[in-house]
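Single-letter residue listing:
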Amino acid sequence: MDNSYLEIVNKRKQIEIANIKKCNEYTSKYGLILLDNQISNLLERRKETLKETGRIELREGIIDKLIKEFCDSPYINQENYAETLYELVEIFYEYKNETLDLITDDELIKFMKKSFDEIAQGDLEYLSGTVMYRMRENLLNGKSIDYIEEGEYYE
Amino acid sequence: MNEIEVISKIKREKLDERNYFKTLIEVAYEEQMISEDDIVNLQMQILQLLDEIVYKYNGVDSSSIRKEIMEDISNSNIYTISIYLKLFKNPDEAIKSIKEQGLEIAYQEGRKKIDKMLNIIRLMYIKVKQNKLNIENDTYNDTIIGGIQGFLKVYNPDFKAQDMKITADYPLYNNLIGKLDGVEFIKEYLNSLYLENLFCKKFSEEKIKYLLYGYSHNFKELIINIFEIVLLEVIACKLVKRDIQDLSISTAELNEIYLMFEDKDKTEIENIINEIYKEICNELILDNEELQKYIKKNLNSLVEIITNAVKQNTLDKVFITQKFII
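Protein sequences appear in the order of chains A and B. Under my numbering, think of the first position of the first sequence as 1, with each following residue one higher. Under my numbering, think of the first position of the second sequence as 1, with each following residue one higher.
Derived from the structure by calculation, the hints contain no laboratory data. Note that beta-carbon positions come from the ideal geometry of N, C-alpha and C, so glycine has one too. One or more of the hints may lead you astray.
To be verified - Have a look at the derived ranges for each label pair, beta carbon to beta carbon:
| # | chain 1 | residue 1 | chain 2 | residue 2 | range |
| --- | --- | --- | --- | --- | --- |
| 1 | B | Leu-118 | A | Gln-38 | 26 to 36 Å |
| 2 | B | Phe-159 | A | Gln-14 | 28 to 38 Å |
| 3 | A | Lys-13 | B | Lys-56 | 23 to 33 Å |
| 4 | B | Lys-201 | A | Asn-141 | 50 to 60 Å |
| 5 | B | Ile-105 | A | Lys-13 | 49 to 59 Å |
To be verified - With a Cα cut of at most 27 Å, we get these calculated DSS-like pairs of lysine-lysine:
| # | chain 1 | residue 1 | chain 2 | residue 2 |
| --- | --- | --- | --- | --- |
| 6 | B | Lys-56 | A | Lys-11 |
| 7 | B | Lys-201 | B | Lys-160 |
| 8 | B | Lys-238 | A | Lys-68 |
To be verified - Listing some non-contacts, in silico: residues in chain B with all C-beta distances to chain A over 12 Å:
| # | residue |
| --- | --- |
| 9 | Glu-26 |
| 10 | Lys-67 |
| 11 | Asp-92 |
| 12 | Leu-133 |
| 13 | Leu-176 |
| 14 | Lys-209 |
| 15 | Asn-300 |
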């Protein structure tokens, strides 16, 4: 058989690696580059997260979207770049589940970026534990995802 | 002229109705009608089809999907392919078709067949509502009025074709649970319900109500099959040579039945019930062949119930006597 399943999976992985590498051209102007081993780690981390969250990724992944959205953040530098991406991938899939797929990939990534830069000021733990949790509550209660009651602050 | 018998290598009865595609492939492989390469090729086609349908489900809004939804879609695809493959009376022809045309075509054809079945189901649903009994039994009424309608509203043939999560709580004489799924289940369920109503309509609704009251004062809340209770009472009437339209027997007549069966084994009881069945068909002028077959199909389970009741001296729970009917 020419077309075995494993071959297709491997081909897909190669395309994904090439796409992420291509992102380096774009992110280099912000001083951000992912090394080969970091790309492998990122894909491995994504695989584990998908397993943990019980999700399956289809044709195109979200890694290059995350990279392009977050690369201009003032809170990301070459030193914390890869580690931040690992965390962002985890937060993304966790909240895809938590929001019952009611929110699109693009909306979720944009919300994460805005919150990361503004309210969370680059604090991933705060983003994941507080801001994203509030967004989920808002969404499931039919409110706008960035709704905050008057006089109320994130704790 | 003798009919030409088409010899099929794969015997239809060997295939599992609920896992039709899987068992078809397994038996075809055993019979050396398909090779290992063919199986790998089919697996690839299944994955390609899955990829296509999942993409249709997700659209461009999401790049990932929850595993359980993926599994649902995968089962739905296989179910739809099976619907098409079951159209071939000769399973050998089904194998030939997927080898020549591939699974994508089988899926598309299966999907069209499901749409046709849904149209039939809608028509059957109208017929069932029309010949429904006017009897207060919650599961009976809730299933006919709400349950089937609910199914027609939520059934999703594109992504969950195998689904049959409906409020079909009303049990049938012909138990279908665990035998069929999706539209096949609903179609068979409605057909069975229609035939049961058709039979019960041969009797006065008032008499049926008295009979059910005799069965239990709480018959409104009970999950019971009205048809079976009526059929058993008709058998009882026939056994004691009473007018079957009475739908009731006296305590003395119940004892008469008990004495009649006391020394008989299961086969003897079965022979008597089979004779009674023929008499009932003649008397009620059951010219509907399907209804006759429907009753006959599960007559053995009634023989079982009667035989056990004779042994355990609980025949009064099977054949309802007048003393309970107020």
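A quick look at each hint next to the structure:
1. B:Leu-118 to A:Gln-38: 26 to 36 Å: violated (52 Å)
2. B:Phe-159 to A:Gln-14: 28 to 38 Å: Since Phe-159 of chain B and Gln-14 of chain A have Cβ atoms about 30 Å apart, the given range 28 to 38 Å holds.
3. A:Lys-13 to B:Lys-56: 23 to 33 Å: holds (24 Å)
4. B:Lys-201 to A:Asn-141: 50 to 60 Å: holds (51 Å)
5. B:Ile-105 to A:Lys-13: 49 to 59 Å: violated (31 Å)
6. B:Lys-56 to A:Lys-11: The given pair, whose Cα atoms are some 22 Å apart, holds under the 27 Å limit.
7. B:Lys-201 to B:Lys-160: Violated, at about 36 Å.
8. B:Lys-238 to A:Lys-68: violated (82 Å)
9. Glu-26: Check passes; 20 Å lies beyond 12 Å.
10. Lys-67: Label violated. Min Cβ-Cβ 4 Å, cutoff 12 Å.
11. Asp-92: holds (24 Å)
12. Leu-133: Given that every Cβ of chain A is farther than 12 Å from that of Leu-133 of chain B, nearest at about 42 Å, it holds.
13. Leu-176: holds (32 Å)
14. Lys-209: holds (47 Å)
15. Asn-300: Label holds. Min Cβ-Cβ 45 Å, cutoff 12 Å.
In summary, the numbered hints that this structure violates are 1, 5, 7, 8 and 10.
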